[in-house]
Amino acid sequence: MTDWRKGTRLVDINGRPVHKDDIQPGGLLTVYPAGLQHTDNGQAIDQTVLIRVQSTKLVTQKGRETWGPTGYVAYSKMCTHLGCPVGLYEQELELLVCPCHQSMFNVRDGAVPQFGPAPRPLPQLPLAIDDQGYLVAQSGYDQAVGPGFWERTSQGNGPGSTQT
Amino acid sequence: MSTTEAAKPRTRREAKAALGPYGRVQQAVDELDDRIGVAKGGRVFLDKIFPDHWSFMLGEIALYSFIVLLATGVFLTLYFVPSQTTVVYHGVYRPLDGVHMSQAYLSTVNLSFSVRSGLLMRQMHHWSADIFIASIVVHMARIFFTGAFRKPRELNWTIGITLLILAILNGFIGYSLPDDLVSGTGLRIAYSILLSIPFVGSYLASFLWGGNFPGHIIIERFYIIHVLIIPLVILGLLGAHLGLLVRQKHTQFPGKGRTEHNVVGTPMFPTFMAKTTGFMLMVGGGIGLLAGLAQINPIWQFGPYTDASKISYAVQPDWYMGFLDGALRIMPSWEWSAWGHTVPWEVLFPAVIFPGLLFNLCFAWPFLERHFTKDNELHNLLDRPRNRPKRTAAGAAVFALVFTLFAASSTDVLANFFHVSLNVTLWFFRISVFVVPVIVGFAAWRICLEMQGVHGIGKRKRALIVSRSEAGEYTAVPSEPRPGDDHHELEAEPVPRTIELEPVAVGGGPRTGTSPDGDDAGVRRVNR
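Protein chains in written order, with my numbering: chain A, 1 to 164; chain B, 1001 to 1528.
If you're looking for bench data, these hints aren't it; they were derived computationally from the structure.
Below, in silico cross-link-like pairs of lysine-lysine (DSS-like), each with a Cα-Cα straight-line distance of 30 Å or less:
{"id": "1", "chain 1": "A", "residue 1": "K6", "chain 2": "B", "residue 2": "K1310"}
{"id": "2", "chain 1": "B", "residue 1": "K1390", "chain 2": "B", "residue 2": "K1459"}
{"id": "3", "chain 1": "A", "residue 1": "K20", "chain 2": "B", "residue 2": "K1310"}
{"id": "4", "chain 1": "A", "residue 1": "K57", "chain 2": "B", "residue 2": "K1310"}
If we strip away everything but chain B, and leave its shape as in the complex, we get (with noise of 0.2 Å):
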């Protein structure tokens, strides 16, 4: 026995040795890159340049949210019952004891109490919803801020607007699910908004519906849209946006070392995937506690649809639709009716027109500004938002629009806050609508003027020494400089110098070096 014992360790460090330097794993791939050829395109890969700003992050926070919303969402598929078959419930939960209900309601509500884990699961895929549509807002609003969608770039932002809009219809559609009081309503006004589109309306709403509303299908079908159909696009939507990611790289903040033609930053492996991976865990961390801590959508507490009579005060959709729904609110009542047919543009602009508008500008920015400015060139150093004053104007003005109408989607919660009359609020967003955004749009024009004309704006303020001399006099002289005052926060953190990495030509060029000024170890930058 001894004598086997001894002899193990010394033949497995021998069959190590013979392995060479990266042992099973070396092996693994390369068994991998004869057959397949892994090596050419994992060598992109892990050398993707990652240039290193906290606003970097955002984008990040949409893909982690929506991981979070794929493994909770599949989790929820095992128990819920897409079908208005009207029901009784006798569950654990004793408020709902004989109530009428569709299956749909009743699987999530026992979703919810029955099943272990079930309520979290349903807080969580509901809690990085809403934070996956924003995290593509404020994504976006830095895209556009910093001018990252200019060319080449102009595709990568249509598919993003592509995925926003998704998000938001995706996030609609399973809001709708559970057939609850509230969401239930929810389908009733977007069965009128179909009905408000002339010519089509009518037979847009019963195509979809399969009859008038509610009809028994509108759950099943949305379902199918929520779960498989959506989902599918914006997967391969996603892999479209960090496909052409990859291959046209990241854009970067000026700074030292940076020009149009190169990209600074840490790469893939090892060092941004510790980070990212570090990140992804406490985004999904963050959304668990949120759904831990945090009520949202309480579907028991609201009732089933099957009683379409009933409906309360403060009722407001998901925070995504509110710009919509504030839209609809302050819109006068102004309906064309002549030769027959009816115009009803009170829900016609606010909720298909106004929304059509909005998007397709953000579609259509990047070549509008294109054809402004006469600028085709390419570029990849981002602007910073004061220099570009019209722009940046522009993004607040139109950000200040749709904050406005989101506001004036709570105008009865507002009203009965601040004990004023509906009359006054609702007149106070009308006016606002108008003047906010004009009010916005011009203060940060002005602001951007105001920053430009600062001396040493965007640098690292140094310290002021004061002395007062033996007259009394005081005297104020700046600090020695500290290496690092340009730019700093602009530059990659440096990782230690014990990764050592072999340099390889690959994506467009050779690489100059694992340290271009010698002095951050771990930063590379490589030609475009």
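Excised from the complex, chain A in its bound form (with noise of 0.2 Å):
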């Protein structure tokens, strides 16, 4: 089960919490649920990555209308195939590319997985902006992050949680 909870802060691998005005269109971090930046959890199933598309809220899929705030959007880190991080952007055509064995996601369409192993799309973190301006999970995964697993449900095992 993730560590994402209902207002949980996006921090950086410092510890330093994200800023809705920190990145710019087009750049992506990697983050972690406040505190857990150097925990095995938080480095093994918690790690998200960060994009800012667009400067104007963007929608991903259908349900998912308040998730992108001012154009962020956050995709849990593990591929859906085997587990690494899915570290590669692709900026122009706005992929996500996994190192490992080079599924991509699409980042605007919901993380679905466009070409390569991965079975699903990236789980995506819904998103909000704290009165100070920092950017919040509005609550944890809906689906269990990370590879196939034979007790994974097809729902995909409810909020937050993981495999095991």
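Two chains, two separate frames, one set of hints: put the complex together.
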């Protein structure tokens, strides 16, 4: 189960919270739940990739109308193929690329796999901006992050869960 | 003084004469034989006959690189700390100064930079591991294509395949121990592969890792598996592999004086022992050269696995895992999800089912071939691959399949190098993996049949003497045949006649003489 909860601040690897003006459109940052950036769980399953796609609100899919304030979107950084960090970003095509087995995820459309062996979209973290202007999570992930496993249900095992 | 000096050599000479022609060696062996009876076993061992052919050296490369692995591995254990406790580096390698890392990673960096000859030892260990597995594969190919696995040697073939699997497994585990960014990602993938197994995957992964990935014990566990458990099993199986080789005797290619019921070659002592000792030193020297000149696995450039969110372009595993990585890359994303369960075929098939099928096919091949050819005879003479077109084609096709998968593990690098899109590269391999084995298998089969039809194949070509008559007509006449034109490459190298060995009845029958045809001094023929 990931450590993302309602209101958890997004911080970088040095623990610095992310302000809504910190990243320009096209920019990318790996974020963790505040205070957990150096924990095992934080490193292994909480790691999330934050991308600012544009400067206005971004709706990636139906039902996610409020998840992308001022063009910020956040996806689990664990590849749904084998759990590698999806660490490459093709800025022009707005594709996240997994360096291990080259799965590609379309950032604008909810990280739906566009190519390669990954079977599922990267789960999206619903974002909000708190009253001080910092980015926070609206809630945890709505499904298990990372690769598939026998006990995973087709709904993805509910909010915030992960394998085992 | 002068009298004692003069008397001393005479006494020694007398003492030496009293010991017999072999001196103290004979005395020591006699003493040992009186107590534990080494003569009988020693005679079998020293009289073991080795047919001479270059392809018989391949297994020796595996054996000697394993010895290098053991020796360098012992050195590494003196400095490596198998612990995932986080520490801060303040060593001689400045770029990593102040970086958080595990004890395992830190000790590997220190081993490389601060221990005298440590980097050489680490690189020798890594190179010899790669060479060990490569030589096993090539040795296995030799055994396969010449039919050396046939009755009565099916058991030794099975042991050999088991050794290959263990070597690959231990290679991967050893590669994971330094806890660097690349191997850590490899472990992440291994964990996810275990997860993909239906019913038991989650339990298996949690059992091995002691909980969720990454946990704190996997390096310790892998360490003891890598340095103790698997090496012990390999040693035991290696003993059985070589014991069976002595018991069942070598196979040999057909040739002058060679039958199913004898074995022609040079004895263990002195000829083969001298050759193989030299070869052992060459293998060790070759690995030493590689390790001294060619960098391998520079973990200080990759960084530690403490920041698991990092990894970049061109991440390839060691070569022997390449075919699995390639299979994972080209597999389509076919995940099943129904009735509250998920079967990740995109992982399960390429990383679990496919290698399972591949190695089980290897295990089963001798029995499959016996079943389909209805050949239940004992075989001590080897096949020429061209004389077994179907087997050769099947083997070539399987090797082509595995090689295509291996090449597919570098899709990203190939796409970048040839400036083509990843999509094109991927589809190229998705198609190649079916097409290439068929083409290679068919070509191998046709080539075998063509070679069978060539007149005088396998015989040394004779020179043609071309002359021109006064009328301007050219004629070509073959030159006189030379001795040894037939299967010359199959004959054992003669050794000097000065080495005389007493004929002794051993190994299931009386020896028929030291030189069966009177012209190959030092080559012996013994009955099986």
